[in-house]
Amino acid sequence: MDDMAVQTGIWRQPPLRWARLAWARVAPSASVPASEDGATTTRVASFETFFHQHEAMVFGYLFRMTGNEAASYDLSQETFLRAWQHFDAIQGYDLPRAWLLRVATNLALNHAQRQKTVERATVTLDDDNQPASSDPTVRLAERDLVRQVLLRLVPRQRAALVLREVYGLPFADVGRMLGISPAATRMLLWRAREQFRAQYLAAGGQPA
Amino acid sequence: MTITTACPQGITSEQLAALRDGALPAAEAARLRTHLAACLTCQGTQAAYEEVARILATQRIPTPDARLWHGVQARLRQPNARALPIVSRALWGGAGALASVVVLVVLFAQVFGHLSGTSTSFHSTMPQSTQTASITPAPTITPTALPALHVQWQPQNFGPANAISPADGDVAYGCVLNANGTAIAIWRGQRGQSPQNVATLSGPGADNGSCTIVPDDNQANIVVVRIFGSNGHGPQAAAPFSAHAAPGTGPELQDDVSYDSGISWRIVPNGIEISELATVGNLTYATIGTAQVPNPVLAVSHDGMTTWHKLHAPSDTPYAYVAPMVASMRVAHQPLASSADFGSQIWASSFDSTIYYLNNVYQIGFVGYVSHNGGISWKAVALPSSDIGQIVEQPPTSAQPWHICARDLMTFAIWCSLDGGQTWQKQPAPPGAPQSFFLGGIAADGDLVGGSETPNSSQDAAIAYRLAPGAPQWQSLGAAPSAPNLYPAPGGANVMWAEAINNPAFPQFLYAATYP
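Residue numbers (this note's numbering), protein chains in the order written: chain A, 729 to 936; chain B, 6 to 521.
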């Protein structure tokens, strides 16, 4: 349980089923009307299904981009809030995942810009993070080393590399998501791979 | 993983990475695959890239718990739930829904408000007033079907090149590592004619490297080539505004500039990386970066790119970040394949001394600023939506001020302004899936040109469209090599360039076409 959870008492919040009922009962907003009609109820239910279909993907991507669990929660919320605002359109997309990743990418890059100073402090590779054996503890450290090395890449390199190699987005989609030309995407991905490889080896990382 | 050495045949790791990404034209990809089967060095590089993917897959990722759904619900319960910049929520998160709305309004006003400052004493206070866009909905005219045109695309014999950039309607530049892997060959091509090797750039950083091209927005004879070396002998990085290059261990790259259409070249001093370029008279406006300044800054040079003076553009405000998101989406005067490493755009008019400076601000969208005095003071350009993510323009003439069109990346609506952004008119929706449409640019005759690609296709099958000013619907121009890389040339006849990446119907690298 992290500090944020303790401070906000999040673990004492009701389970999902209760929460859904409570939402339907007390929601006073324009986004979720207090007196829901059938259509609104259906829309809300559809959105919850949509949310659960994609939450792990969105959260995982944002964790890879930020390296920070609390920030990943925050930015994931923001991503899904935007999805709710555009839900009618998103439902008609063949690949809503791409829409979510695009929004999440924008949010993560913005976050990275604001957190630049903080990130620099957190990605320092100290002696404790230098894996040197096959000990399970070291293997865990090595997996965390991936996080640290990723954070050493400039954010756009990080986004391109993760979108392409982890989420398997086609090359053209990566460029589209980052708003850059194919030539720039090609260069960005190449540099990201080279940077990651060099940094990982320099930090003592071992082959997977 | 192993660190690979140089391929004896001159195949670069950049090419191998592009092969892995499916980013090469079919012919070049086939050539590389043949080579790869017999080259142990390149096999090692490919294996190393595979290893990168495997290592990334080992990262430990926490599983989101119920906090996430609770948080989304809580946000949705807020009256008029709106996505807010996180920075605002961090500051005001506990103040409740009303405060959130107030913050949104204030932030919007700040970002879009008027700005002023000087090149020497710009202060980073927020804008004071709100600039509201005047918008007009799309005309509700029942369209009569327009006959589809089938434009004939001609391959331009330009490739495979590491980078290639049309500089105007008739001229394109290309750069490519030579066969020996020892230098960068610069090619210049006239549309419809075979390109010529006009120069060779060698020296530190050129061997076994890659290159990108940044032609000048306003003068096609001025072009910058950036060379990325990988031999460890690249130029030293320097402080961006220092008169003297300081020793360092910066990236292995250099920018070379030519003022005579690629015939002669000189190195841009001080390790400057130029991403945007627009020359007006003896002034060169550019967005530049260095190893020490990874985010671009707007700068001006009075001496042919020898020294630079930073222009404190409005993006220096706290909430505005010059984001590397939209660089390649610029169109008028801009290359298909520039370096595009940075995100700001500049358009400097040689007609009325106006400079537009556009930034993409994450979460807020595009913000635009205009200066009528060479960058000394700025005011905001009101945009029709807060989610604008793509902007194309046509520079002013004696008969028409700036013509700007913008596309909303959330609703996919397209807006155009014929008065430099003071008023906006919503345009008819293009055919096909809205998320698959890309603005190409504004052609010389004022037509808005764009492309729509086949959704969910792994290949870049595309159809080009145009929208005449005031027309109620788009007209098909037939199959095109690419949708996102469609480029109507800025001047002269109606010429389009297009770079085909992965389109079997267009196996060459670069195409050009004219249309009536």
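Hints are computed from structural coordinates only; laboratory data are not their basis.
Being a predicted model, the structure only gives us computed values, none of them experimental.
There may be inaccurate statements among the hints.
[Unchecked claim] Derived pair list, reagent style SDA-like, types lysine to any residue, alpha-carbon separation capped at 25 Å:
hint : chain 1 : residue 1 : chain 2 : residue 2
1    : B       : 431       : B       : 382
2    : B       : 431       : B       : 381
3    : B       : 431       : A       : 875
4    : B       : 315       : B       : 404
5    : B       : 431       : A       : 796
6    : B       : 315       : B       : 268
7    : B       : 431       : A       : 813
8    : B       : 431       : A       : 876
9    : B       : 431       : A       : 814
[What the hints assert, rightly or not] Quick list of simulated restraints, FRET-style, between CB atoms:
hint : chain 1 : residue 1 : chain 2 : residue 2 : range
10   : B       : 55        : A       : 780       : 41 to 49 Å
11   : A       : 767       : B       : 483       : 51 to 59 Å
12   : B       : 152       : A       : 766       : 19 to 27 Å
Just so it is clear, CB atoms sit at the ideal spot from N, CA and C, and this is done for glycine as well.
Exercise. Are the Cα atoms of residue 431 of chain B and residue 813 of chain A separated by 25 Å or less?
Worked result: holds, 21 Å
Problem set entry | Proposed proximity, residue 381 of chain B with residue 431 of chain B (alpha carbon, max 25 Å) | The hint is violated at about 32 Å.
For this session: Can you let me know if the beta-carbon spacing of residue 152 of chain B and residue 766 of chain A is within 19 to 27 Å?
Result: The hinted range 19 to 27 Å is violated for residue 152 of chain B and residue 766 of chain A, with Cβ atoms some 46 Å apart.
Exercise. Is the hinted pair residue 431 of chain B and residue 876 of chain A satisfied, with a Cα-Cα distance of at most 25 Å?
Worked result: violated, 46 Å
Exercise. Taking the beta carbons of residue 767 of chain A and residue 483 of chain B, is their distance inside 51 to 59 Å?
Worked result: Hint violated: Cβ distance 42 Å, outside 51 to 59 Å.
Exercise. Within 25 Å, alpha carbon to alpha carbon, are residue 431 of chain B and residue 382 of chain B?
Worked result: violated, 30 Å
Exercise. Between residue 315 of chain B and residue 268 of chain B, is the straight-line Cα distance small enough, at 25 Å or below?
Worked result: violated, 29 Å
Exercise. Does residue 431 of chain B pair with residue 814 of chain A here, judged by a C-alpha cut-off of 25 Å?
Worked result: holds, 19 Å
Exercise. Is residue 431 of chain B close enough to residue 796 of chain A, meaning Cα to Cα at most 25 Å?
Worked result: violated, 41 Å
For this session: Mind checking the alpha carbons of residue 431 of chain B and residue 875 of chain A for me, to see if they're no more than 25 Å apart?
Result: violated, 44 Å
Problem set entry | Outcome of range test on Cβ distance (residue 55 of chain B, residue 780 of chain A; 41 to 49 Å) | Distance hint for residue 55 of chain B, residue 780 of chain A is violated at roughly 33 Å.
For this session: Below or equal to 25 Å on CA atoms is what counts here, so check residue 315 of chain B against residue 404 of chain B.
Result: violated, 33 Å
Going through the hint list in order, the structure does not satisfy hints 1, 2, 3, 4, 5, 6, 8, 10, 11 and 12.
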